[in-house]
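Trainee: What follows is the residue order along each chain.
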Amino acid sequence: MSHLDTELKYLKDELLAMHRLVLSQVNKCKNALLGFDTDLAKEILVTEKRVNGMELKIDRDCENILALFNPVAIDLRAVLASLKINSNLERIGDNAEGISRYVLDVNTPFPAPYIEKFAIGEMADIALSMLEDSIQALENEDTTAARKVFLKDDLLDIINRKATSATMELIKSGADSPLHYLNLLSIVRKFERIGDQTKNISEEIIFYIEAKVLRHERNTD
Amino acid sequence: MNKIETHNVNLHYGDFHALKGISMSIVENSVTALIGPSGCGKSTYLRLFNRMNDLISSVKIEGDILVEGKDIYERGVDVDELRKKVGMVFQKPNPFPKTIFENIAYGLRVNGIKDKAFIEERVERSLQQSALWGEVKDKLKKSAFELSGGQQQRLCIARALAIEPTVLLMDEPASALDPISTTKIEELIYELKNQYTIIIVTHNMQQAGRVSDRTAFFYMGELIEIDETKVIFTNPKNVRTQNYITGRFG
Chain A
1 MSHLDTELKY LKDELLAMHR LVLSQVNKCK NALLGFDTDL AKEILVTEKR VNGMELKIDR
61 DCENILALFN PVAIDLRAVL ASLKINSNLE RIGDNAEGIS RYVLDVNTPF PAPYIEKFAI
121 GEMADIALSM LEDSIQALEN EDTTAARKVF LKDDLLDIIN RKATSATMEL IKSGADSPLH
181 YLNLLSIVRK FERIGDQTKN ISEEIIFYIE AKVLRHERNT D
Chain B
1001 MNKIETHNVN LHYGDFHALK GISMSIVENS VTALIGPSGC GKSTYLRLFN RMNDLISSVK
1061 IEGDILVEGK DIYERGVDVD ELRKKVGMVF QKPNPFPKTI FENIAYGLRV NGIKDKAFIE
1121 ERVERSLQQS ALWGEVKDKL KKSAFELSGG QQQRLCIARA LAIEPTVLLM DEPASALDPI
1181 STTKIEELIY ELKNQYTIII VTHNMQQAGR VSDRTAFFYM GELIEIDETK VIFTNPKNVR
1241 TQNYITGRFG
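First to last, the protein sequences are chains A and B. Just so we're aligned: 151 in this note's numbering is position 151 of the first sequence, and the numbers increase by one with no gaps anywhere. Position in the second sequence (first residue = 1) + 1000 = this note's numbering.
Think of the hints as simulated: they come from the structure by calculation, not from any bench. Careful: at least some of the hints might be erroneous.
[What the hints assert, rightly or not] Only pairs whose alpha carbons sit at most 27 Å apart, straight line, appear in this in silico DSS-like list of lysine-lysine:
id, chain 1, residue 1, chain 2, residue 2
1, A, Lys9, B, Lys1230
2, A, Lys12, B, Lys1237
3, A, Lys12, B, Lys1230
4, A, Lys9, B, Lys1237
5, B, Lys1184, A, Lys212
6, A, Lys212, B, Lys1230
7, A, Lys84, B, Lys1230
[Stated by the list, open to error] Not close to chain B: a few residues of chain A, all C-beta gaps over 12 Å, as computed:
id, residue
8, Met1
9, Ala17
10, Leu21
11, Lys30
12, Asn31
13, Glu43
14, Leu45
15, Gly53
16, Arg77
17, Lys84
18, Arg91
19, Asp94
20, Leu151
21, Ser173
22, Lys212
For glycine and all other residues, C-beta sits at the position ideal for the given N, C-alpha and C.
Same shape as in the complex, but just chain A:
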């Protein structure tokens, strides 16, 4: 294995470690939210610092590879894709942190009918499944797994679009605990962003492997 191969392998391992950490953060979000576990929500805030630290480290490693090895072709795409995947993972981490803050913002558990109305459990499961697909895609350089993410993102978008009318209905009906349902609306938006960011990651994996640019295409599959 050449020196550059060793550096790229190390970079990929770092990205996968960050990817798994971010997946764990989103999973904790789901559990903190559905189980109203404020300790778990606080744990997410602490762990977010680790996510940020990893982002800086991966950024620096990419910069070093570009400066020292002048990679071209697939190696260049690997580094460029890593930079963008890194940035998207960090933002997913931020969204997980945001969700945990909404959990800590309320004093009592989110009412089950609200959770159901906003399809929070379903959203969290889809987002987690997308992150698992993108990890598999990166680890095995598997663009089929990467493409699975796109269809799942469409499902998140559908749920997200319904959330506004769900909120309107609750307002019109004079439902109790407006802070709870307003926070849930914000949480829906966060999960939708997590979906977009995971989709971005999958696009970068496809760019790295197939040299195809899918960004800004309407139909990415």
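With chain A's structure known, arrange chain B on it following the hints.
Mentor: Using the frame of chain A, we list chain B on its own:
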């Protein structure tokens, strides 16, 4: 417009098949880089265009090699006239054991030009074109060997330009130079491509990326791939090209 074309060119050195069916077009006023491992045929291919390979007795060449639409291997082609049109710069600077001025003026005199004012004007213009005038204008009478390696190479480029070629062949022109001289040569190539069709052989991948519009990858006498340089260095189509440029060859 294509300045140079080759169609199914085969070249043998005795029993050795050095170029295998090479067909390629080179666009006027562009820089084409030839890359590939040692012995792949890129320098042999470069030397087709000023018929330098003719100097090797065992060489046998087949196929069409056209410069400005004319087959340069046809009977009756004047090789001296061809070499006025197709200049060449070599890996190591090879100035003549003469003054800086005479190095440039030599080619003009050999071609029968005697007008002193004309020669002086052409020497200055060639040195300016090769970005050397500012450094040597006060020492034109000094020996060319007093110049640094990078300056000597630019002098050789000026010498080639003095007879007003339209094609410039460069065989690893910066491989023996330090980074500063290399940068000057590369900037010069960038400037010259507006007026000349340049073909450069280089082992330096980054140099090919920086200076050329198109890059051709040769391997074992075959042209494996030619495309825009930015395509070759970001998404080559052939796995052998990718392995070579990423250093995973062999």
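Trainee: When the structure is checked against the list of hints, which entries are broken? Sort them ascending.
Mentor: Violated: hints 5, 8, 16, 22.
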